[in-house]
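**Student:** For the record, the sequence lines run as chains A and B.
With my numbering, the residue at position 53 of the first sequence is 53, and numbering never jumps.
With my numbering, the residue at position 319 of the second sequence is 319, and numbering never jumps.
Keep in mind that a hint or two might mislead.
Per the computed footprint, the stretches of chain A lying under chain B, defined by three or more beta-carbons under 8 angstroms from a beta-carbon of chain B, are [said to hold, decoys possible]:
(1) 8-18
(2) 43-57
(3) 78-91
(4) 97-104
(5) 118-124
(6) 131-137
Bear in mind the hints are in silico, worked out from the structure with no lab data behind them.
Even for Gly, the Cβ is constructed at its ideal location relative to N, Cα and C.
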Amino acid sequence: MKVIAQGYNSFETKKSSEGEVVYLPNPQSVIKLIQSGKLKEHILLVQGGTTTFLSPALTMGAIGVITLSGAPESHLGILSREFQMPCVMTAHLVDSDTRYVTGGDNEEHFGAMISRLQGKRVRLDCSDVDHGKIVELD
Amino acid sequence: MSSYKKRYSEGDDGLRFQDLAYVGNFKGQEPVRDGIVGDRIMRSRAKSKVLEKVSREDVLKGQFTLNELNDLNNYLAWNIWDVLVMRATEGVSGMIPRQEYEILAFMNEFYRWPEILRMTTDEIGAEGVINIGATARREIGIKVNAVHDWCIGAVGFGMGRCGLLALEAIKPNDYVEESNEILKFMQRVLWGKRQDGYILNSQDRYRCAIHDKDVIETLASHIEYFEPGSDKHQKFTRFNASAELLAFLDHFDNRLGLGDTGPYELPDGKILIIRDLFTNEEVYHWSDACDNAGVPHCYSLLLVIDAEAMSLEEIRVNDISTTFTRPKNYIEHIVGGAIFVREKWNTPMSEIYPIAIDKLEKRVEGIQQATMGLYSKLARMSRRQLITNGMYTYYIDMILPHLRLAGTYEKACVDYDFWEIDQRVANYYYDITKRGFAQAVVPQKIFSGEGYLPFPDGTDLRRSKYFWS
Chain A
1 MKVIAQGYNS FETKKSSEGE VVYLPNPQSV IKLIQSGKLK EHILLVQGGT
51 TTFLSPALTM GAIGVITLSG APESHLGILS REFQMPCVMT AHLVDSDTRY
101 VTGGDNEEHF GAMISRLQGK RVRLDCSDVD HGKIVELD
Chain B
1 MSSYKKRYSE GDDGLRFQDL AYVGNFKGQE PVRDGIVGDR IMRSRAKSKV
51 LEKVSREDVL KGQFTLNELN DLNNYLAWNI WDVLVMRATE GVSGMIPRQE
101 YEILAFMNEF YRWPEILRMT TDEIGAEGVI NIGATARREI GIKVNAVHDW
151 CIGAVGFGMG RCGLLALEAI KPNDYVEESN EILKFMQRVL WGKRQDGYIL
201 NSQDRYRCAI HDKDVIETLA SHIEYFEPGS DKHQKFTRFN ASAELLAFLD
251 HFDNRLGLGD TGPYELPDGK ILIIRDLFTN EEVYHWSDAC DNAGVPHCYS
301 LLLVIDAEAM SLEEIRVNDI STTFTRPKNY IEHIVGGAIF VREKWNTPMS
351 EIYPIAIDKL EKRVEGIQQA TMGLYSKLAR MSRRQLITNG MYTYYIDMIL
401 PHLRLAGTYE KACVDYDFWE IDQRVANYYY DITKRGFAQA VVPQKIFSGE
451 GYLPFPDGTD LRRSKYFWS
């Protein structure tokens with residue numbers, strides 16, 4: 001087990017979620033995941049820190065989210081606290097210097113993040129006040 | 001042991017909720033931080049008294065001085081940064097092009113609202129505008145609230161003018177008369193709501209305890225108490241989260257669906273937050289998904305928080321009606337709650353009714369059905385449709401509650417083509433998608449507090465480019 005990425009912790013909680021990371025690029029992929037009946041087996045990886053995109057997943061009981069942008073003050077940060085669902089925001093790889101830049105060209109950064117996290121079994125450790133950690137399990 | 005009451009002592013600087021600092025129009029001076037200390041520094045830099053407690057007579061005056069306009073511009077720029085700079089990091093939605101609809105709505109508001117607000121003031125008088133704000137003191141489930149009232153000035157004037165300046169569509173000394181019209185309307189509504197002389201929650205150490213004592217007592221008699229982690233706690237917090245999610249979705253992922261007031265201290269020392277969740281806005285055509293699921297206009301929740309158990313250090317009900325605490329997780333320390341229903345926006349207060357926590361299951365099902373229906377509907381909309389509809393959620397909704405209470409909404413629609421988009425803004429649609437203008441300008445100029453240029457010295461207060469009808 002090792003910490004492979006970290007980001008803002010949307011709220012501090014002893015609850016830790018485990019699952020396989022699945023990247024959701026569009027609304028159709030969100031609907032497909034819910035229809036598969038396997039929503040609760042996955043940690044959801046999304047680009048934005050907004051709420052609407054993940055609405056059905058949140059209301060149907062998603063267990064954990066990793067975002068590549070956004071902060072606890074973003075709508076998804078607020079809603080993750082309301083649902084008590086661990087959420088690590090604006091995550092970055094601990095062994096890389098690249099970071100998300102607001103309003104910048106983040107394509108390469110996002111690509112590296114998705115490539116590193118997609119399909120991995122991870123645990124979200126959100127016990128710290130400020131930082132949420134993504135721990136690789138296998 | 002909690003320490004949040006220290007925040008209300010004179011001289012206390014409060015906590016810092018973020019690491020960033022604000023500069024704005026004060027280049028070369030000490031950067032300003034967030035929270036209570038930020039408010040104090042911004043007010044100390046004002047040239048007028050407009051940011052201190054003001055009287056009814058001050059508010060009834062029809063004209064701000066140039067210094068007052070610039071002080072409001074500077075303070076709102078800091079306040080916008082204070083509440084939104086971190087939210088601005090959230091990037092693309094993956095569903096709704098929010099930065100695009102936001103900046104177009106800001107500019108449309110700046111162009112279109114002045115004549116509609118002036119008409120409304122003409123119809124009901126300045127006292128009537130103050131009374132609109134005062135209505136919120138005795139009602140729940142009402143959109144005359146911190147976020148809507150703040151938006152009149154912070155968004156319609158501040159962000160609208162900022163966006164147009166960034167687009168180089170206007171100059172700093174343009175539209176002074178229109179700016180005054182918007183800011184006066186905002187000041188009157190907010191002053192009428194608070195009635196302590198301030199207009200913003202940030203001026204009062206982030207308190208928005210506007211309800212009269214007897215209103216609180218009547219509502220609080222319906223509170224059900226429970227243990228944290230109990231079945232009732234689960235049911236209540238799950239309902240809160242689900243309704244809040246739908247409120248965001250119905251309002252195209254913006255904050256207009258949520259309205260907190262408080263904190264109110266209960267007799268046993270616990271804290272009460274009153275939260276309006278606007279789950280079905282009838283003017284939106286997509287809200288038929290909410291109608292079909294039997295979802296009402298608003299669910300109002302009373303949240304009782306055990307400040308001692310969570311060792312509460314600071315609580316902010318900010319000017320966009322959102323509660324943040326340190327520590328952040330207040331949900332697990334909710335020890336009591338109540339839920340009220342307002343079926344329609346104009347349902348009388350006497351007909352608002354409570355629901356027992358054990359009766360929430362069907363309500364949650366309705367909310368989930370509406371959420372899925374709405375999502376499915378939005379997922380089928382084109383980018384252009386999403387931007388246009390998103391614009392309406394800002395441009396229409398931000399002043400809708402005030403026009404409804406003033407009785408001028410129909411007149412605005414019929415005589416002023418309220419639902420039309422200014423032709424200039426319709427053309428800006430193409431400009432804002434070039435060179436990433438929307439993605440860059442919204443977070444970097446508008447939410448960062450940069451770009452709020454002052455009205456230059458000597459500017460004539462009558463400067464206007466509007467064609468008053």
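**Student:** Each of the hints needs a verdict: does it hold here or not?
**Tutor:** Checked hints:
1. 8-18: That given contact holds, which follows from 4 residues of the segment 8-18 of chain A lying within Cβ reach (below 8 angstroms) of chain B.
2. 43-57: holds (count 10)
3. 78-91: holds (count 7)
4. 97-104: As far as the segment 97-104 of chain A goes, the hint holds, because 3 residues have Cβ atoms under 8 angstroms from chain B.
5. 118-124: violated (count 0)
6. 131-137: With 0 residues closer than 8 angstroms to chain B, the segment 131-137 of chain A misses the three-residue bar; violated.
In summary, the structure is inconsistent with hints 5, 6 from the numbered list given earlier, while agreeing with the others.
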